[in-house]
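Take a look at the letters that make up each chain.
2 protein chains.
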Amino acid sequence: MKSLEVVLARPVADMPVAADFHVVERETDAVAQGQLLVRVLDLSLDPYIGSRLRGRHLGGAAPTVGGRLPGECVAQVLESKAEGFAPGDIVAGEVGWSEYGVLDAGKARKLDPRAEPSAHLSVLGMPGLTAWAGVTQLAKVGSGDIFTVDAAAGPVGGVAGQLARLLGAKAYGIAGGAEKCALVRDVYGFDDCFDYRVEGWTDRVAEALPEGQTVHFENVGASVLTPMLQRLRVGGRIVLCGLAEHYQNSTPATLPVGTVIGKRAHVHGLVVYDFYPRWAEWIELATPWVLSGQLKVVEDAVQGLDKAAAHFERLMRGQNQGKALVKIAARA
Amino acid sequence: MKSLEVVLARPVADMPVAADFHVVERETDAVAQGQLLVRVLDLSLDPYIGSRLRGRHLGGAAPTVGGRLPGECVAQVLESKAEGFAPGDIVAGEVGWSEYGVLDAGKARKLDPRAEPSAHLSVLGMPGLTAWAGVTQLAKVGSGDIFTVDAAAGPVGGVAGQLARLLGAKAYGIAGGAEKCALVRDVYGFDDCFDYRVEGWTDRVAEALPEGQTVHFENVGASVLTPMLQRLRVGGRIVLCGLAEHYQNSTPATLPVGTVIGKRAHVHGLVVYDFYPRWAEWIELATPWVLSGQLKVVEDAVQGLDKAAAHFERLMRGQNQGKALVKIAARA
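So the protein sequences, as listed, match chains E and S.
Residue numbering for the first sequence follows the numbering used here, starting at 1 and increasing by one per position.
Residue numbering for the second sequence follows the numbering used here, starting at 333 and increasing by one per position.
Since the hints were derived computationally from the structure, they do not count as laboratory data.
Be careful, since some hints might not be right.
[Claimed, not checked] Taking beta-carbon pairs under 10 Å as the criterion, some of the chain S residues facing chain E (in silico):
#, residue
1, 586
2, 588
3, 593
[As the list claims (entries may be wrong)] Each pair of labels, with its calculated beta carbon distance range:
#, chain 1, residue 1, chain 2, residue 2, range
4, E, 211, S, 396, 26 to 36 Å
5, E, 143, S, 613, 57 to 67 Å
6, S, 613, E, 210, 32 to 42 Å
7, E, 208, S, 521, 45 to 55 Å
8, S, 396, E, 200, 45 to 55 Å
9, E, 87, S, 536, 52 to 62 Å
10, S, 416, E, 200, 52 to 62 Å
11, E, 251, S, 346, 24 to 34 Å
12, S, 532, E, 182, 29 to 39 Å
13, S, 626, E, 277, 34 to 44 Å
[Claimed, not checked] Part of the chain S face toward chain E, derived, beta carbon under 7 Å:
#, residue
14, 336
15, 340
16, 343
17, 592
18, 595
19, 596
20, 598
21, 599
22, 603
Just so it is clear, CB atoms sit at the ideal spot from N, CA and C, and this is done for glycine as well.
Take these sequences, add in the hints, and give me the full structure.
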């Protein structure tokens, strides 16, 4: 079957831009025993792809020019040669940046069809699982906690703060720009949000949280982590999840050991892959909240694979408002 | 009562040396209600005093020239104006670098007289409590753990490794010089010890622990922490306790955030003061091990207050072999 696919037009050495990609037409692979032919509904664009493209991510090697790009998708099964899957089923898996594809059934997750398929790329997907792992398994957030998170308009930060509030904590976001902050406050319902592009933003944090926060969830890097570590309450917890601002450059983010000691901080490194075996647990917990509207992620979507490259550049520039997605086809 | 006392002869800006101190003779303060007049038996010399002298330690401000120096002591009560204390009692408290002194009873701890008084400055004292807090309360070391610790010939590291072994772990030390390593192996009974002064010492660690360690306890600073973080097993724990190599200089020790994430490390800052309310618990646990010889700290002692300054310089240079002490008087 003919399928449009986005591939690299040239190697990526620095921040990926739209011109690094182009669209080709290919024949899909034959469907072998244990495999599924699927039609992609939505493609997820995520910050980690930026470092994957440069071979600097522990999730795998850099894709070759013309090779398949990493990308989680929700898709609908067209043909199944695997037990437990039937045409029409909605699945999640790494098909790539393409219209159609062949998935090993062992690497596909069959999805609960009650929620919108695209929710399985955000709140019920890897970003939501990441937030759950950090909030509940590492920081063990609960009633009485003061929770801060950056990239709060993004799907990880947005779910983390909403989840912290559902567990009884107060949640404060940090995001870039008034529009993102409005989303965090008004749509995600955080207690407040601070715009790190406004000079003196850390003074505003200090006014709002004079005694500091008990938990900080880090998605960005040193420019937020350093001041937020300074404001951490003694005995507080830090989840180190992402380093978006360092993915494109070579300046490593560091933590001052003396401050970690002085704060008696508990610092936890988070890699979401470790929690894949527990994905069903999160979906079970979160699906009712998603269906009731208590847990939301705004989508920042474009229609069509030809828009994917520019949309990815927008994500890399931090211009997305919510979960970056490419909508490719509607559920049949 | 006349008392010899060691005080600063001049302000300390860099690594303290013997010439920064001199001995004076003073009259002890009058004993008020709620206080004890004591005779110091042993004075503890500890690395944190180096940063206290320069006003760079969270335990308190720098002492003035001629003022009382910080230092934990074991002492014998000569006169008591406080309930619960009688002449002859053995107590611990911060008397200073002096022969005699007056202690507030509320700041004195009455000691179990079964163990040698000086043991309450090492294995049963602040260094031992520090080791207990890191090993049992933060890293939660148990059977099957592979435990590494630096400054392993010192009282914190030495107790930490012995305690880890008593709890079922394997313990590996890192220390400077063949003599210290022999102490760690042969007297403290660690499974092995690595001499960081020998070039390629990290290769020796890699040979001995090909899969890395599950817990690392850090007392020194970046020169050991950085390679040991690289060798930490995925999901391992790090206790950040001391930064001896950074006390005398201004280069801050840092942890690379990307490596902490990649290792899914759990990093805990340790300040022993937080565990003072639980000191009795440690003494209860450790005293039988001390009396049976299962838990040892070798003492690096000199006799007489006039030797204190040179002995402190020796500690600051890392030349001590075991717990640095000044013996001042024998128990009556």
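Now for the hints, and whether the structure bears them out:
This hint holds: residue 586 (chain S) has a C-beta 4 Å from the nearest C-beta of chain E, less than the 10 Å allowed. The beta carbon of residue 588 (chain S) comes within 5 Å of a beta carbon in chain E, closer than 10 Å, and the hint placing it at the interface holds. For residue 593 (chain S), the interface hint holds, the least distance from its beta-carbon to any beta-carbon of chain E being 4 Å, beneath 10 Å. Judged by the Cβ atoms, the range 26 to 36 Å given for residue 211 (chain E) and residue 396 (chain S) holds: they are separated by roughly 32 Å.
One distance hint, 57 to 67 Å for the beta-carbon pair residue 143 (chain E) and residue 613 (chain S), is violated here, with the actual separation near 28 Å. With their beta carbons about 34 Å apart, residue 613 (chain S) and residue 210 (chain E) fall inside the hinted range of 32 to 42 Å. The hint said 45 to 55 Å for the Cβ distance between residue 208 (chain E) and residue 521 (chain S), and at roughly 53 Å that hint holds. Taking 45 to 55 Å as the suggested C-beta distance range, the pair residue 396 (chain S) and residue 200 (chain E) does not conform, at roughly 38 Å.
Distance hint check for residue 87 (chain E) and residue 536 (chain S): the Cβ-Cβ separation is about 60 Å, which falls inside the suggested range of 52 to 62 Å. Distance hint check: the CB atoms of residue 416 (chain S) and residue 200 (chain E) are about 54 Å apart, consistent with the given range 52 to 62 Å. In this structure the supplied range 24 to 34 Å holds for residue 251 (chain E) paired with residue 346 (chain S), their Cβ-Cβ distance being about 31 Å. The hinted window of 29 to 39 Å between residue 532 (chain S) and residue 182 (chain E) is violated, with their beta carbons roughly 57 Å apart.
The hint said 34 to 44 Å for the Cβ distance between residue 626 (chain S) and residue 277 (chain E), and at roughly 41 Å that hint holds. At its closest, the beta carbon of residue 336 (chain S) sits 35 Å from a beta carbon of chain E; the interface hint therefore is violated under the 7 Å criterion. A hinted interface residue such as residue 340 (chain S) counts as satisfied when its beta carbon comes closer than 7 Å to some beta carbon of chain E; here the least separation is about 24 Å, so the hint is violated. Hint status for residue 343 (chain S): violated, given a least beta-carbon distance of 22 Å to chain E, over 7 Å.
Because the closest C-beta pair between residue 592 (chain S) and chain E is about 4 Å apart, less than 7 Å, the hint holds. Of the supplied interface hints, the one on residue 595 (chain S) holds, with its beta-carbon coming within about 6 Å of a beta-carbon of chain E, less than 7 Å. For residue 596 (chain S), the shortest C-beta to C-beta distance to chain E is roughly 5 Å, which falls under 7 Å, so the interface hint holds. A least Cβ separation of about 5 Å between residue 598 (chain S) and chain E falls short of the 7 Å threshold, and the interface hint therefore holds.
Residue-level restraint check for residue 599 (chain S) holds (minimum Cβ-Cβ distance to chain E is 4 Å; threshold 7 Å). About 6 Å separates the beta-carbon of residue 603 (chain S) from the nearest beta-carbon of chain E, less than 7 Å, and the hint is met.
The earlier numbered hints that this structure contradicts are 5, 8, 12, 14, 15, 16.
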